[in-house]
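Going line by line, the protein sequences match chains Y and X. Residue 34 is where the first sequence starts when you use the working numbering, and the numbers rise one by one after that. Residue 94 is where the second sequence starts when you use the working numbering, and the numbers rise one by one after that.
Please keep in mind that the hints were generated in silico from the structure rather than gathered at the bench. Predicted, not measured: the structure shown is a model, and the values here were computed from it. Misleading hints may appear alongside valid ones.
Under the rule of at most 25 Å between Cα atoms (straight-line distance), these lysine to any residue pairs were calculated in the SDA-like manner [stated by the list, open to error]: (1) X:Lys206 to Y:Ala162; (2) X:Lys206 to Y:Gln46; (3) X:Lys206 to Y:Ser170; (4) Y:Lys106 to X:Val345; (5) Y:Lys165 to X:Arg125.
From chain X, some residues computed to sit far from chain Y (all C-beta separations above 12 Å) [what the hints assert, rightly or not]: (6) Pro114; (7) Val221; (8) Glu359.
Derived DEER-like restraints, expressed as beta-carbon distance ranges [unchecked claim]: (9) Y:Ser100 to X:Asp335: 55 to 61 Å; (10) Y:Arg212 to X:Ile234: 47 to 53 Å; (11) X:Glu263 to Y:Asp104: 54 to 60 Å; (12) X:Gly181 to Y:Gln164: 41 to 47 Å; (13) X:Gly115 to Y:Gln164: 29 to 35 Å; (14) Y:Asp200 to X:Ala246: 51 to 57 Å; (15) X:Gly253 to Y:Ser147: 45 to 51 Å.
The beta carbon of each residue, even a glycine, is placed where N, CA and C say it ideally should be.
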Amino acid sequence: MTPSIEAVELTKQFGTFTALDHLNLKLEGAKCVGFLGPNGAGKTTTLKMFTDLIFPTAGEAFINGVSVQTDRKRALTDCGDLIETPEIYPSLTPLEALELSGALRGMRPEEIRSRSAVVLEEVKMTEWATQKVGRFSKGMKQRVNIAASLLSDPDVVILDEPSTGLDPRGMAEVRNIVRGLKKENRLIFMSSHILSEVVDICDEVALINHGKLLFYDTLGNVSKRITASATSVELAFVGPISDEAIGTQIVKLPGVSSVYRVDAQRVRMSITGGREAQAQVLERIAAAHLGLVSFEPSQSALEELYLQEISKGD
Amino acid sequence: MATAAPTESSPRTGTTMGEVPGTIEQALLLSRYQFRDYLRSRRFILMLAIVAVIGGILSFILAYYNGSSTVAGLTSSSDAFYGSLWGGGVYVVIIFAGIIFGGDAIAGEFQNKTGYFLMGLPIRRATVYGGKFLAALGASIVAMVFYLAILVANGAVYLGTGLFPVSLLESFAIALLYLLALLGAVFLFSSMFKNSLYAVLVVAILFLFGFTLIEELIIGLVKIEPWFIIDYARATIAYPFDANLPPHIATVVTMGPRGGTVTTTEYNPTYPEGLAIMAGYFILTAIGGLFFFEREEFT
Numbered sequence: 034m035t036p037s038i039e040a041v042e043l044t045k046q047f048g049t050f051t052a053l054d055h056l057n058l059k060l061e062g063a064k065c066v067g068f069l070g071p072n073g074a075g076k077t078t079t080l081k082m083f084t085d086l087i088f089p090t091a092g093e094a095f096i097n098g099v100s101v102q103t104d105r106k107r108a109l110t111d112c113g114d115l116i117e118t119p120e121i122y123p124s125l126t127p128l129e130a131l132e133l134s135g136a137l138r139g140m141r142p143e144e145i146r147s148r149s150a151v152v153l154e155e156v157k158m159t160e161w162a163t164q165k166v167g168r169f170s171k172g173m174k175q176r177v178n179i180a181a182s183l184l185s186d187p188d189v190v191i192l193d194e195p196s197t198g199l200d201p202r203g204m205a206e207v208r209n210i211v212r213g214l215k216k217e218n219r220l221i222f223m224s225s226h227i228l229s230e231v232v233d234i235c236d237e238v239a240l241i242n243h244g245k246l247l248f249y250d251t252l253g254n255v256s257k258r259i260t261a262s263a264t265s266v267e268l269a270f271v272g273p274i275s276d277e278a279i280g281t282q283i284v285k286l287p288g289v290s291s292v293y294r295v296d297a298q299r300v301r302m303s304i305t306g307g308r309e310a311q312a313q314v315l316e317r318i319a320a321a322h323l324g325l326v327s328f329e330p331s332q333s334a335l336e337e338l339y340l341q342e343i344s345k346g347d
Numbered sequence: 094m095a096t097a098a099p100t101e102s103s104p105r106t107g108t109t110m111g112e113v114p115g116t117i118e119q120a121l122l123l124s125r126y127q128f129r130d131y132l133r134s135r136r137f138i139l140m141l142a143i144v145a146v147i148g149g150i151l152s153f154i155l156a157y158y159n160g161s162s163t164v165a166g167l168t169s170s171s172d173a174f175y176g177s178l179w180g181g182g183v184y185v186v187i188i189f190a191g192i193i194f195g196g197d198a199i200a201g202e203f204q205n206k207t208g209y210f211l212m213g214l215p216i217r218r219a220t221v222y223g224g225k226f227l228a229a230l231g232a233s234i235v236a237m238v239f240y241l242a243i244l245v246a247n248g249a250v251y252l253g254t255g256l257f258p259v260s261l262l263e264s265f266a267i268a269l270l271y272l273l274a275l276l277g278a279v280f281l282f283s284s285m286f287k288n289s290l291y292a293v294l295v296v297a298i299l300f301l302f303g304f305t306l307i308e309e310l311i312i313g314l315v316k317i318e319p320w321f322i323i324d325y326a327r328a329t330i331a332y333p334f335d336a337n338l339p340p341h342i343a344t345v346v347t348m349g350p351r352g353g354t355v356t357t358t359e360y361n362p363t364y365p366e367g368l369a370i371m372a373g374y375f376i377l378t379a380i381g382g383l384f385f386f387e388r389e390e391f392t
């Protein structure tokens with residue numbers, strides 16, 4: 034069966050505040066979808082409704098075609114999830130926590146043992162497998178939680194900001210784990226507000242703000258959309274660059290739509306016309322011998338689109 | 094409906110999983126792990142310490158006043174001995190056990206976020222509720238058995254060995270029913286609050302003082318039988334040891350402070366009434382607690 038997640042008119046109100054507003058989103062097939070949005074956009078609210086932690090005011094959430102609201106047990110059977118940073122009973126060891134998780138999922142004891150060894154190794158917690166969870170740091174607990182969500186090798190994985198609470202090394206390790214999951218023919222739906230993480234891991238991206246879906250597309254299409262419009266590029270020079278040089282040799286270049294000074298040695302410009310236009314602008318500025326030392330797009334395509342879309346709603 | 098183009102990915106081997114266990118099997122599984130958590134926790138040691146202190150004080154008093162008419166009366170028969178010390182004292186152990194093991198059982202799932210671990214699994218909320226209830230019941234029974242062991246050890250000293258009356262088993266069964274009723278109520282309050290402290294405080298106040306006060310006010314002021322108060326029913330725990338049960342309603346005339354008489358009415362539950370109150374409390378509070386837990390959100 035093709036793994037799928039679907040939100041149909043999913044709405045959540047807390048009193049008069051609408052946290053999620055008639056979300057319609059269908060994710061299907063093996064891929065990783067990043068769920069982006071600023072704080073309070075409705076990301077966690079959505080994921081909590083997919084795991085039945087909170088209940089929709091209207092609409093329904095489906096996992097593999099089964100409504101979470103009407104049959105949570107069947108809907109979550111082939112779904113591993115990690116919402117916020119769950120606490121595990123403090124006196125249990127990671128092995129026991131995985132044993133509990135696996136047993137409740139209907140895994141056989143020998144399968145629990147072998148999978149536990151694999152997932153604990155994956156999250157680098159083998160060494161701590163028989164220590165009590167109560168003594169663990171937040172990051173270590175999060176690793177055990179990730180291991181628990183992967184234990185049954187589910188078709189659908191829902192992750193709510195999985196690298197939260199981890200140190201930079203831990204964050205990188207979690208990204209590697211999620212990247213590894215992608216290779217294994219499953220649907221991953223991961224919320225994050227770290228754009229670079231989404232660009233790094235995900236194939237597709239859904240952006241939400243004020244409880245409304247702003248767009249859902251592949252990362253490739255996002256790049257195309259942005260490169261078709263303006264790209265922001267930052268230029269750094271070896272010494273101070275004069276206003277005259279900017280006015281005569283940069284602003285008038287084909288493709289350059291706007292230029293402004295960041296400081297004495299740096300300017301930022303918008304270039305339309307895609308990567309070819311960027312290449313021409315770079316070549317001409319270099320040929321003008323203005324002392325150019327760097328020329329880099331100041332934001333990723335996703336970041337640009339993110340900021341464009343978010344600012345529309347603000 | 095927002096959809097995007099499909100993305101290619103390499104195949105996954107996957108694991109072969111069995112069926113997700115049924116509701117009862119999952120509840121028993123969960124209770125086993127929760128019970129294990131209780132056994133390893135400080136609260137379990139605290140509970141055993143409370144029972145040890147209660148048992149220790151009783152043992153000390155029995156030893157210190159051994160030979161006095163009061164202790165002689167207590168040790169005159171196994172019914173008198175267990176009727177007073179078990180029938181009249183086990184409810185304290187039960188109340189403490191209920192507070193310690195059940196007070197935060199459900200509220201803690203929200204406050205400590207352990208619920209996020211469990212509720213992400215393919216398991217019904219009712220199963221989680223049932224599993225946690227069974228674990229609290231098991232841990233409370235351990236405390237009750239510990240208290241009983243202390244009393245039986247004393248009984249062996251003062252009554253001689255081999256004095257383990259059938260009435261004690263009967264009373265133990267009624268005490269279990271009282272424990273079920275109390276845990277039901279404790280779980281109800283625990284489900285109503287997302288904060289463990291509030292849940293524990295409300296339960297402690299109600300069961301240690303509140304219900305007794307309400308019962309006395311009802312009898313003294315409203316002058317009706319307090320059949321709807323769980324405290325009223327607990328006298329039934331000692332009934333197996335009584336050859337003559339107290340009258341259901343008795344009028345007591347006592348001398349007043351200025352020479353006059355004061356007439357009061359005393360109520361005692363009948364045997365079936367006491368059992369029915371406990372069973373009713375258990376059923377209604379279990380349904381109520383589950384109702385709240387089913388509707389509580391992990392916000």
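Each hint tested on the structure:
1. X:Lys206 to Y:Ala162: Distance of about 21 Å is within 25 Å: holds.
2. X:Lys206 to Y:Gln46: Holds, because 22 Å separates the two Cα atoms, which is no more than 25 Å.
3. X:Lys206 to Y:Ser170: Holds, because 15 Å separates the two Cα atoms, which is no more than 25 Å.
4. Y:Lys106 to X:Val345: It is violated: about 59 Å lies between the C-alpha atoms, which goes past 25 Å.
5. Y:Lys165 to X:Arg125: Holds, at roughly 17 Å.
6. Pro114: violated, 5 Å
7. Val221: violated, 10 Å
8. Glu359: holds, 47 Å
9. Y:Ser100 to X:Asp335: 55 to 61 Å: Given a distance of about 57 Å, which is inside 55 to 61 Å, the answer is holds.
10. Y:Arg212 to X:Ile234: 47 to 53 Å: Holds, since Y:Arg212 and X:Ile234 (Cβ atoms, about 49 Å apart) stay within the stated range.
11. X:Glu263 to Y:Asp104: 54 to 60 Å: violated, 44 Å
12. X:Gly181 to Y:Gln164: 41 to 47 Å: holds, 45 Å
13. X:Gly115 to Y:Gln164: 29 to 35 Å: The hint (29 to 35 Å, Cβ to Cβ) holds, given that X:Gly115 and Y:Gln164 are roughly 33 Å apart.
14. Y:Asp200 to X:Ala246: 51 to 57 Å: holds, 55 Å
15. X:Gly253 to Y:Ser147: 45 to 51 Å: violated, 57 Å
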